[in-house]
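Visitor: Top to bottom, those sequences are chains A and B. Per the working numbering, residue 1 is the first one in the first sequence, and the count goes up by one each step. Per the working numbering, residue 327 is the first one in the second sequence, and the count goes up by one each step.
Hints were generated in silico from the structure; no laboratory data involved. One should not assume that every hint holds.
Claimed, not checked - Partial chain A-side listing against chain B, Cβ under 10 Å, derived:
1. 74
2. 85
3. 94
4. 135
5. 137
6. 140
7. 161
8. 179
9. 186
All C-beta atoms, glycine included, are put in the ideal place defined by N, C-alpha and C.
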Amino acid sequence: MTSETTSKSPEAAAVPPPGASREKKRVPQGHRRLLTRRDRVTLAFMAGVPTVLHVALVWVTALASIALAFTTWDGIGFDSIKWVGLDNFRQLFTDNPQFWPAVEHNVIWFVVLILIPTPMGLFLAVQLDKRIRFSRVYQTAFFLPVVVSLAVTGFVWQLVYNPDTGLINSLIGANKPGHYIDWIGNPDLNLWAVLVAASWRHTGYMMILYLAGLKGVDPSLREASALDGANEWQTFKNVIFPTLRPTNTVVLVVTIIEALRAFDLVFVFNKGAQGTELLSILITNNIIGESSRIGYGSAIAVVLLVISLAVIIPYLIATFRKERRA
Amino acid sequence: MHDLTPSGLSVPGPSRRTLLRGVGGAAALGAGIPLLSACGGSGSSASDTKTVTLGSNASDAVPKKAFASVYTAFQKQSGITVKVNTKDHNTFQEQINSYLQGTPDDVFNWFAGYRMQFFASKGLASPIDDVWEKIGGNFPEAMKKLSKGADGKYYFVPLTTYPWAIFYRKSVFQQHGYEVPTTWDELVALCKQMKKDGLVPIAFGDKDAWPAMGTFDQINFRLNGYDFHVQLMAGKASWTDAKVKAVFDHWSELLPYHQDGFMGRTWQDAAQTLVSKKAGMYLLGSFVAQQFTNKADLDDLDFFAFPEINSAYGQDTVEAPTDGFMVSKSPKNHDGVVKLLEYLGSPAAEELYLKGDPSVVAASNKASTSAYSALQKKAFEMIGGAKSLTQFMDRDSRPDFTSTVMQPGLQKFLQNPKGVDSLLSSIERQKKTIFAS
Chain A
1 MTSETTSKSP
11 EAAAVPPPGA
21 SREKKRVPQG
31 HRRLLTRRDR
41 VTLAFMAGVP
51 TVLHVALVWV
61 TALASIALAF
71 TTWDGIGFDS
81 IKWVGLDNFR
91 QLFTDNPQFW
101 PAVEHNVIWF
111 VVLILIPTPM
121 GLFLAVQLDK
131 RIRFSRVYQT
141 AFFLPVVVSL
151 AVTGFVWQLV
161 YNPDTGLINS
171 LIGANKPGHY
181 IDWIGNPDLN
191 LWAVLVAASW
201 RHTGYMMILY
211 LAGLKGVDPS
221 LREASALDGA
231 NEWQTFKNVI
241 FPTLRPTNTV
251 VLVVTIIEAL
261 RAFDLVFVFN
271 KGAQGTELLS
281 ILITNNIIGE
291 SSRIGYGSAI
301 AVVLLVISLA
311 VIIPYLIATF
321 RKERRA
Chain B
327 MHDLTPSGLS
337 VPGPSRRTLL
347 RGVGGAAALG
357 AGIPLLSACG
367 GSGSSASDTK
377 TVTLGSNASD
387 AVPKKAFASV
397 YTAFQKQSGI
407 TVKVNTKDHN
417 TFQEQINSYL
427 QGTPDDVFNW
437 FAGYRMQFFA
447 SKGLASPIDD
457 VWEKIGGNFP
467 EAMKKLSKGA
477 DGKYYFVPLT
487 TYPWAIFYRK
497 SVFQQHGYEV
507 PTTWDELVAL
517 CKQMKKDGLV
527 PIAFGDKDAW
537 PAMGTFDQIN
547 FRLNGYDFHV
557 QLMAGKASWT
567 DAKVKAVFDH
577 WSELLPYHQD
587 GFMGRTWQDA
597 AQTLVSKKAG
607 MYLLGSFVAQ
617 QFTNKADLDD
627 LDFFAFPEIN
637 SAYGQDTVEA
647 PTDGFMVSKS
657 PKNHDGVVKL
667 LEYLGSPAAE
677 ELYLKGDPSV
687 VAASNKASTS
697 AYSALQKKAF
707 EMIGGAKSLT
717 QFMDRDSRPD
727 FTSTVMQPGL
737 QKFLQNPKGV
747 DSLLSSIERQ
757 KKTIFAS
């Protein structure tokens with residue numbers, strides 16, 4: 001493209017600007033000439049196709065889902081859509097025994113991910129950053145759970161937790177009548193059991209993010225703090241960690257997203273039975289499949305959307321403000 | 327049917343098939359455009375009088391092959407080819423709404439009961455009274471009742487069925503000198519005795535959330551009768567009714583004799599405790615026999631009907647989920663469809679199918695029972711002798727109600743049997759809004 005535009009522009013540049021009035025006319029003309037017909041078609045495609053896809057797949061669907069949240073619809077024929085106002089939300093907030101637990105579990109999911117696997121991932125990243133022997137092997141080992149699909153992770157962990165033949169119950173002898181520990185079914189246990197699996201994966205994810213961040217830390221900073229006589233912990237706390245600020249922002253956003261979109265692991269683990277209800281699973285159960293409570297499911301989806309926006313918008317505002325200042 | 331749940335959903339878990347489906351989906355995307363044009367081409371040939379299209383959910387090897395043999399026999403007899411489009415069992419069920427609204431096949435596999443009536447009343451199925459004029463004589467009264475829509479017209483041709491009952495091993499009962507219980511008190515006493523003898527009285531696994539529905543159904547129609555059960559399932563009777571409360575009271579009495587840790591156990595694992603003689607009884611559909619892979623074990627398997635609770639109803643109702651065929655809203659080859667359904671409603675077709683898939687029994691009482699195993703014979707007699715047949719909670723009621731309210735509700739009860747009152751009022755509130763829509 002550049003070669004084409006430059007091959008055209010000399011002609012425009014060769015003409016010396018005879019006067020201000022002439023130049024005024026010439027500028028838009030030359031601008032037009034910068035883009036050939038082919039360029040314009042290409043540009044139209046490059047901008048148009050993503051726009052169409054984005055509008056159709058993001059905006060239209062999101063707005064349709066919001067609109068459907070105020071209706072009841074069994075998915076059969078458009079004429080069966082009935083406007084019900086805020087009924088779906090009223091039912092959701094007052095009558096649905098699964099809704100508030102689901103919100104709570106999504107929050108717990110986030111809190112646990114940020115409190116346990118995230119510092120753990122940072123710790124591993126710091127250790128691996130020291131160029132210890134077999135660093136690559138460890139990296140691969142810790143990162144492997146991230147590569148594996150969450151559905152597979154869920155499947156593997158539910159084998160580990162199986163009450164009769166699972167690894168844990170077999171090892172501790174909790175698979176005999178009267179001694180059962182029901183990791184998958186017991187509503188006081190199952191969320192924590194599944195969070196162990198989620199943390200197992202999230203640790204590796206966080207490790208890679210922090211490792212990338214640490215690689216970007218200027219080595220002279222370490223040298224300087226070493227010269228000042230700071231020990232390892234002091235260096236980390238006062239020098240390294242503050243420079244990881246951009247990484248921390250990414251980690252926070254990623255963790256929030258992970259907590260809100262948590263679905264596959266639990267769905268495979270126990271389909272979101274009592275104790276592990278999640279918003280995403282409630283949406284699926286109501287919309288997908290034969291049940292087809294599309295309006296009601298959309299209402300839950302809208303709640304999830306509002307929560308996501310409440311988290312994302314302040315983040316975006318803060319980022320843009322920072323950019324403007326810079 | 328093979329690794330299917332009674333609700334007809336195939337057992338979840340990332341199987342090879344799921345993966346293959348993913349690959350197939352990707353391939354279909356790539357091949358989408360040529361496929362569409364191919365559809366246009368075949369559209370004209372589908373409307374000829376020599377082809378009938380059929381949407382099938384029989385994706386498992388055994389039923390698929392058994393159905394294929396039936397269609398081949400039909401082609402030989404009538405000269406009409408059945409073009410089968412098989413979809414994964416689970417996917418078929420989940421997509422049924424959009425499938426029936428789009429361009430469905432002429433005939434499709436479906437289940438009897440409320441689920442069938444739902445699509446009939448939505449105008450997504452064609453009445454087939456003309457077919458039933460010919461095949462009516464082949465079926466007992468209870469099957470006829472199951473095949474009718476809410477408007478009294480026929481919409482369904484049943485092919486196979488199987489019963490829910492309490493399964494046990496003859497050798498275990500013999501060894502301990504147990505008698506088959508015929509009343510509730512005898513059942514409770516037997517449970518106590520089994521516990522004393524170191525057995526798990528009732529094997530149980532509710533990880534998939536549907537098995538508990540089976541227990542509820544049994545206690546409810548034994549205690550409150552078929553009519554009340556139907557009313558309750560149709561959303562007409564109230565869940566806060568004292569009769570429903572009584573069902574849960576009975577269930578609570580039996581719950582301590584159920585296998586521990588059931589919330590995390592699949593029905594297959596629970597069945598293994600019966601296979602290994604660690605459990606005395608198991609309330610399930612006759613598909614439990616699939617877990618008895620050893621011939622000697624299978625011969626040792628027997629069952630009895632859930633005991634009587636209320637003498638007014640005795641043991642007059644049998645839960646017998648029935649599979650069969652329906653016709654889509656505007657079949658392209660109507661005459662061919664009628665011929666096909668007439669054939670599928672004949673004893674010959676059922677016998678042929680059962681030859682390929684002996685895990686179920688024929689819906690027709692005219693089909694020969696000579697090839698049946700002892701278990702099949704007993705199942706057939708039990709269903710034939712029933713005054714009323716139910717399907718299963720999720721086939722007898724609205725699927726949105728059973729999947730989003732009853733499945734979590736019953737699991738909640740199993741975790742906390744004392745919280746029945748608040749649970750029932752919550753179920754009733756949710757039921758009202760769902761059935762109102």
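Visitor: If a hint holds in the structure, say so; if it doesn't, say that too.
Guide: Against the structure, the hints come out as follows:
For residue 74 of chain A, the interface hint holds, since its Cβ comes within 10 Å of a Cβ in chain B; the closest pair sits about 7 Å apart. Interface hint at residue 85 of chain A: violated, since its Cβ lies 13 Å from the closest Cβ of chain B, which is beyond the 10 Å cut-off. A hinted interface residue such as residue 94 of chain A counts as satisfied when its beta carbon comes closer than 10 Å to some beta carbon of chain B; here the least separation is about 8 Å, so the hint holds. For residue 135 of chain A, the shortest C-beta to C-beta distance to chain B is roughly 33 Å, which exceeds 10 Å, and the interface hint is violated.
At its closest, the beta carbon of residue 137 of chain A sits 28 Å from a beta carbon of chain B; the interface hint therefore is violated under the 10 Å criterion. For the restraint placing residue 140 of chain A at the interface with chain B, the shortest Cβ-Cβ distance is roughly 23 Å, beyond the 10 Å limit, so the hint is violated. For residue 161 of chain A, the interface hint holds, the least distance from its beta-carbon to any beta-carbon of chain B being 7 Å, beneath 10 Å. Hint status for residue 179 of chain A: holds, given a least beta-carbon distance of 8 Å to chain B, under 10 Å.
The beta carbon of residue 186 of chain A is positioned within 10 Å of a beta carbon in chain B (closest approach about 7 Å), and the interface hint is therefore held.
Of the hints listed earlier, those the structure fails to meet are numbers 2, 4, 5 and 6, in rising order.
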